[in-house]
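2 protein chains.
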Amino acid sequence: MITNMKHVKSELEQKGIKPTYQRLCILEYLHEHLVHPTVEMIYDELIERIPTMSKTTVYNTLKLLSEKGVINEITITGTEVRYDINCQSHHHFLCKKCGKIYDVDVTCPFANMDHKEISGHEIQEIHGYFKGICKECLIKQNNE
Amino acid sequence: MITNMKHVKSELEQKGIKPTYQRLCILEYLHEHLVHPTVEMIYDELIERIPTMSKTTVYNTLKLLSEKGVINEITITGTEVRYDINCQSHHHFLCKKCGKIYDVDVTCPFANMDHKEISGHEIQEIHGYFKGICKECLIKQNNE
DNA sequence: TATTAAATCTGTAATGATTACAAATATGAA
DNA sequence: TTCATATTTGTAATCATTACAGATTTAATA
Ligand SMILES: [Mn+2]
Ligand SMILES: [Mn+2]
Ligand SMILES: [Zn+2]
Ligand SMILES: [Zn+2]
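Here the protein sequences line up with chains A and B, keeping their order.
What the first sequence shows, in the numbering used here, is residues 14 to 157, in sequence order.
What the second sequence shows, in the numbering used here, is residues 14 to 157, in sequence order.
Keep in mind the hints are simulated off the structure, nothing from the lab.
Hints may contain errors.
Copies of the same chain look alike in the list, so a pair counts if it works inside one copy or between any two.
[Claimed, not checked] Derived DMTMM-like pairs (lysine to aspartate or glutamate); straight-line CA-CA distance at most 25 Å: (1) 129 with 118; (2) 153 with 80; (3) 144 with 86; (4) 68 with 93; (5) 110 with 93.
Could you build the full structure based on these sequences and the hints that come with them?
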């Protein structure tokens, strides 16, 4: 995993996004934290290093990156948006207990569908996720 | 589709929920509006018939029905929860343009998975949905 | 029937995530 | 430098949801 500033910079340039310092830091954060973080998590760490960072900038940047296809928004918790640097269609597991979101490695059956429509609706994205109790939380339960 | 008050009443009783008038009306609404409505939509119609209806009661009742397994919460828009009277695991289509959520009839490949775990995580729910432009919105686009 | 405790409903306030917006700052060309 | 544009920042507003306390209803008991 290459996550130095140079790589992140060229990644933004390739997508036609001006690589400002704030944007570089936010994108770098996403590369280094693959747990599908919230805006809050991103902001809380960056404000330590960049005391002038505004939460609005985090929101603005994530929206921009999302629109340009650099990151994906995950909306499965119902309370807040989670962000994913992995833009390839893949499935997730949401733990009902701790709220963690894991990537799961299942081959999506619809991924290579020949037709990009269903019941007349034009399909642009395919999402799949599981909900339950994660490995860690199961272990905790058993140790009680 | 049977959606008279008697049916709705016995449905609540079977689940051990006291069938109050407000609960009956909310559940009846869900039976008659299969478009995965929001709290707002439910409240806006019921307040016409029952001027004393409180939005808090709508929230409370939907939470109760959800906990008792009478309805399902759908959290795919990222902005508000949508409610589904159909509790059997099925897939959805969310239109990016008009926001409508449709049921789609695809056989879920994970539905009859023999193992109820994945990567050590205990699976309790399986969710799948597509995003794109719905049939209606496609037609509108073409007529411009 | 009257009493009373528990359950339910209601209205308002609080919360938390997100967006709107305008002023401040940085950037980059002329 | 000058000036227009893009970006960032801080604050206020919005919107969905939850917390909470008082009012009302229900149902059991005397
Ligand atoms: Mn992921
Ligand atoms: Mn449905
Ligand atoms: Zn967990
Ligand atoms: Zn549509």
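For each hint, the structure was consulted:
With identical chains, the CA atoms of residue 129 and residue 118 are at most 25 Å apart both within one copy (23 Å) and between copies (15 Å). Proximity of residue 153 to residue 80 under the C-alpha cut-off of 25 Å is restricted to the inter-copy arrangement: shortest distance 24 Å between copies versus 39 Å within a copy. Both within a single protomer and between protomers do residue 144 and residue 86 lie at most 25 Å apart by alpha-carbon distance, with minima of 18 Å and 13 Å respectively. Within a single copy, residue 68 and residue 93 get their C-alpha atoms as close as 15 Å, and across copies as close as 22 Å, so both meet the 25 Å cut-off.
Both within a single protomer and between protomers do residue 110 and residue 93 lie at most 25 Å apart by alpha-carbon distance, with minima of 16 Å and 21 Å respectively.
In summary, the structure agrees with every hint in the numbered list given earlier.
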